[in-house]
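S.K.: Those protein sequences? They're chains V and D, same order as listed. Okay, so the first sequence: first residue is 1 according to my numbering, each after it adds one. Okay, so the second sequence: first residue is 1 according to my numbering, each after it adds one.
Note that these hints are calculated values from the structure, not bench results. It is possible that part of the hints are untrue.
To be verified - Calculated cross-link-like contacts (lysine to aspartate or glutamate; reagent style EDC-like; alpha-carbon spacing at most 20 Å): (1) V:Lys263 x D:Glu225; (2) V:Lys259 x D:Glu225; (3) D:Lys270 x D:Asp182.
What the hints assert, rightly or not - Chain D regions said to be covered by chain V (calculated; three or more residues, Cβ under 8 Å): (4) 1-13; (5) 23-33; (6) 117-127; (7) 222-229; (8) 252-266.
What you are looking at is a predicted structure, and each value in this text was computed from that prediction instead of being measured. Backbone N, C-alpha and C define an ideal beta-carbon position, used for all residues, glycine too.
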Amino acid sequence: MKQIIIASGKGGTGKTSISAAFASLTQKAVFADCDVDASDLHLILSPKIIEKENFVCGKEAIIKPLECSSCGLCYQLCRFEAIVPNTESKSYAVSSIACDGCGVCVQHCPEKAIDFIDKESGMCFHSHTRFGPLIHAQLYPGGENSGKLVSLVRKKAIELAQASNMDFILIDGPPGIGCPVIASLTSCDALLAIVEPSLSSLHDAKRLLQLSKHFAIPSYVVINKWDISPKLTKIMEAEFQNMGIEVLGKLPYDLVFTKAMIKAQTIIEYDSTGEISQTLRSIWKKLIHKNEYQPYLIKKEGIL
Amino acid sequence: MKIAVASGKGGTGKTTLAIALALSLEEEETFLLDCDVEEPNIHLFLPFKDCENKAISILCPLIATDACTGCGLCVEQCMYNAIVKIKQKAMVFTELCHGCGACALICPEKAITEIEHHIGNLSTSQGNFLNLVQGCLDIGNPLAIPVIKAVKKAAPSKTPWIILDCPPGTSCSMIHSISGADAIILVTEPTPFGYHDLKLAVNTLKSFSNAFFGVIINRCNSGDESIINYCNKENIPILLQIPESRKIAEAYAQGSSLLEVMPEYKVILKSLLYDLKQKAGQAI
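Same shape as in the complex, but just chain V (with noise of 0.2 Å):
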């Protein structure tokens, strides 16, 4: 079973897109979009879904008001600021975006007035594109735990690979450095991450590159939108040879990527011999080459 992630650091920079046109590019492969709380990939791969799960995660403490005796224990526990005292009806309440679900203010509460119940955070769904299967899911507004959700995300999408012969995924990660990113990324074997030429992409590439060393997961960089700055490209080689980090290819700005979005296809899909089609067929082959990937992943498109 191979793993590959495409993830940036910071949004924006093309992740989904690119994703998507190696999802046109492969086949016998799972796909599974790790970005939950703002998935993105389902509107190009216009997923029919098979399945779906609700994902109760964590729990969350409610005072029951009858019962409370106000002595504020709760809110001299709590670490987390999320008891708010109520200083006209000297009462004390539970905000629910505050609440971590640690259980210190329901074990420890004298009249055993706090109750803890499940957290429902998110769905997740089994789906059938046109490329193979996908597993992707929604958090719910404001839901915690979405590190869990792309746990559980990528559990099913092992499972199915598993269970239908495939054996390789490929995952669409979130943005930035933290708790989902980190539940994306780890047991990958490789990730290929998409800047773009701004410090800022650079800056938080690099955070990214360094969170992949940390796992060990062998990492390549491709670099969208290169002519926007041809010097920051430049810089940014330089620095990404520096860190060992081969870049697999450069794509120049364009259109192409809005207009196919539009139309709610990958980018091969809308213009299969056009220039970005084929640096990314080219960016495709040397990963998986890279990785010693069976050549039957690769689809067989006449061009290749």
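With the hints as your guide, set chain D onto chain V.
M.R.: Chain D only, in chain V's frame:
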């Protein structure tokens, strides 16, 4: 007046706008807070002069193995699976700990003390008018929320203007960044991804916030009309539309602010802020 600049989708221009908004205020006391603690970027555009650094930490358990009887109460109590029992002794996985203190409170042997565990850095820089605050999460640490909280606390609440550059998405880190704001600006772009994530962000605001909010459409001539139609239908004010411009993209790439290449936006953004202040129900 606290204004949060947020978006569902990443890379729509939050940081560019937050910086330009703060700079447009010129000689008014302002705090610009970088709440995108996973990937803070404001420092790439505005130097943190005479920067003061402070460690951000949470309290994690340290188990006195001699005193631990292996009763397992702490393991049972920990909601984050950060403590396991190995060979009749409790063992802590610090990277899973949220620092709630439950284990120390429950241990009958008082075998658990708590020590500070570094999770990030807080940097502040005071200017004559513009003050900058940035939180930076340690690489490999998943806990963004305590860092975001520390950033927000660094600005005195009576500051005339507080502008928050928020993380992308609609999860807990976005909610914690926008909570308490008087007005929220959602930055989007007119593409299907931008539109889809804007709807998610709007639903999130509707569930969690009573603050006034409006939309800024960046690169407004690069896609389709769906966002304008949506905003009109939902009665969401479109505060500003910024056309696609290579000049802006190139300036951004090199760490220049929007106002350096398009100084005409200074007046526009300043009046946008005053307009927001009025709409948020505060006397000017």
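S.K.: Three residues or more, CB to CB closer than 8 Å: is that satisfied between the region 222-229 of chain D and chain V?
M.R.: With 3 residues closer than 8 Å to chain V, the region 222-229 of chain D meets the three-residue bar; holds.
S.K.: Just to make sure I understand the rule, a stretch counts as covered if three or more of its residues have a C-beta closer than 8 Å to a C-beta of the chain. Does the region 117-127 of chain D meet that for chain V?
M.R.: violated (count 0)
S.K.: Tell me if chain V covers the region 1-13 of chain D under the three-residue, 8 Å CB rule, please?
M.R.: holds (count 5)
S.K.: Need the status of pair Lys259 of chain V, Glu225 of chain D: alpha-carbon distance at most 20 Å?
M.R.: 13 Å, holds
S.K.: Take the C-alpha atoms of Lys270 of chain D and Asp182 of chain D, compute the straight-line distance between them, and say whether it is at most 20 Å.
M.R.: 16 Å, holds
S.K.: Between the alpha carbons of Lys263 of chain V and Glu225 of chain D, is the straight-line distance 20 Å or under?
M.R.: Holds, because 14 Å separates the two Cα atoms, which is no more than 20 Å.
S.K.: Closer than 8 Å, Cβ to Cβ, for at least three residues: run that test on the region 23-33 of chain D against chain V and report holds or violated.
M.R.: violated (count 0)
S.K.: Report holds or violated for chain V covering the region 252-266 of chain D, Cβ cut-off 8 Å, minimum 3 residues.
M.R.: n = 4 at 8 Å, threshold three: holds.
Violation of the numbered hints given earlier is confined to hints 5, 6; the remaining hints are satisfied by the structure.
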